[in-house]
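Engineer: Start from the sequences and build out the full structure, keeping to the hints where you can.
So the protein lines, in turn, are chains A and B.
Per our numbering, the very first residue in the first sequence carries number 1; after that it's consecutive.
Per our numbering, the very first residue in the second sequence carries number 1; after that it's consecutive.
Honestly, the hints are just simulated from the structure, not real lab data.
None of the values given here were measured: they were computed from a predicted structure.
Every residue gets a Cβ at the ideal spot worked out from N, C-alpha and C, and that includes glycine.
Some hints could be false.
Stated by the list, open to error - Pair ranges (Cβ atoms, derived): (1) THR112/B to ARG30/A: 36 to 44 Å; (2) MET11/B to GLU103/A: 36 to 44 Å; (3) THR112/B to SER95/A: 32 to 40 Å; (4) ARG43/B to ARG55/A: 25 to 33 Å.
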Amino acid sequence: KAGVTQTPRYLIKTRGQQVTLSCSPISGHRSVSWYQQTPGQGLQFLFEYFSETQRNKGNFPGRFSGRQFSNSRSEMNVSTLELGDSALYLCASSSTPSGGMYEQYFGPGTRLTVT
Amino acid sequence: AQTVTQSQPEMSVQEAETVTLSCTYDTSESDYYLFWYKQPPSRQMILVIRQEAYKQQNATENRFSVNFQKAAKSFSLKISDSQLGDAAMYFCAGYIIQGAQKLVFGQGTRLTINP
Chain A
1 KAGVTQTPRY LIKTRGQQVT LSCSPISGHR SVSWYQQTPG QGLQFLFEYF SETQRNKGNF
61 PGRFSGRQFS NSRSEMNVST LELGDSALYL CASSSTPSGG MYEQYFGPGT RLTVT
Chain B
1 AQTVTQSQPE MSVQEAETVT LSCTYDTSES DYYLFWYKQP PSRQMILVIR QEAYKQQNAT
61 ENRFSVNFQK AAKSFSLKIS DSQLGDAAMY FCAGYIIQGA QKLVFGQGTR LTINP
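Structural biologist: This is the structure:
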């Protein structure tokens, strides 16, 4: 099976702009989670989607949003970019939202730089 | 709530030797999973090993094994016969099944393998 894919891999944006990142989960996986990784804060949970519904959300401002499509592909959007949004954004997919094993498989990440 | 603590920012080991990475996991929940992830310089997060909290038997995956001491809140990773390809950041993570259903990560341990 193909792994989790994320596009684009690298992105440079200017403060105040908005950005959309895309994630395609492993075939058959219906749960998609997003994480932000920075040197200062480490890995932090953004949100999780299952069957097009946001089930959980981390402690991030409303500028961070996401959605999931019927084919389980997910996008996250960050509006009004700030310098502090520069980070590696990781997407992970999982086959079960509850019960069973909770292994999450990660994509290669999108490196966002805000100037 | 859950907290994951990795107290060793950096570790180094000679090739072919054994190394143990430490992690403490604190939660009032009884039903959870613990994971070790590896992040090499490519930044791809790779699942190394998982442990179900209800299982008394420690998990093993080839050269990787864990020592899970539930009462002591300890979840260490042992890497035997270290190889150059094991060099990476290692993250300990917990997942509460009935809780927020998100991975909570430790700060990571950078492992260097000396040839």
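Engineer: So, for every hint listed, does it hold in this structure?
Structural biologist: Okay, the hints, checked on the actual structure:
no.: 1; hint: THR112/B to ARG30/A: 36 to 44 Å; in the structure: holds, 38 Å
no.: 2; hint: MET11/B to GLU103/A: 36 to 44 Å; in the structure: violated, 25 Å
no.: 3; hint: THR112/B to SER95/A: 32 to 40 Å; in the structure: holds, 34 Å
no.: 4; hint: ARG43/B to ARG55/A: 25 to 33 Å; in the structure: holds, 26 Å
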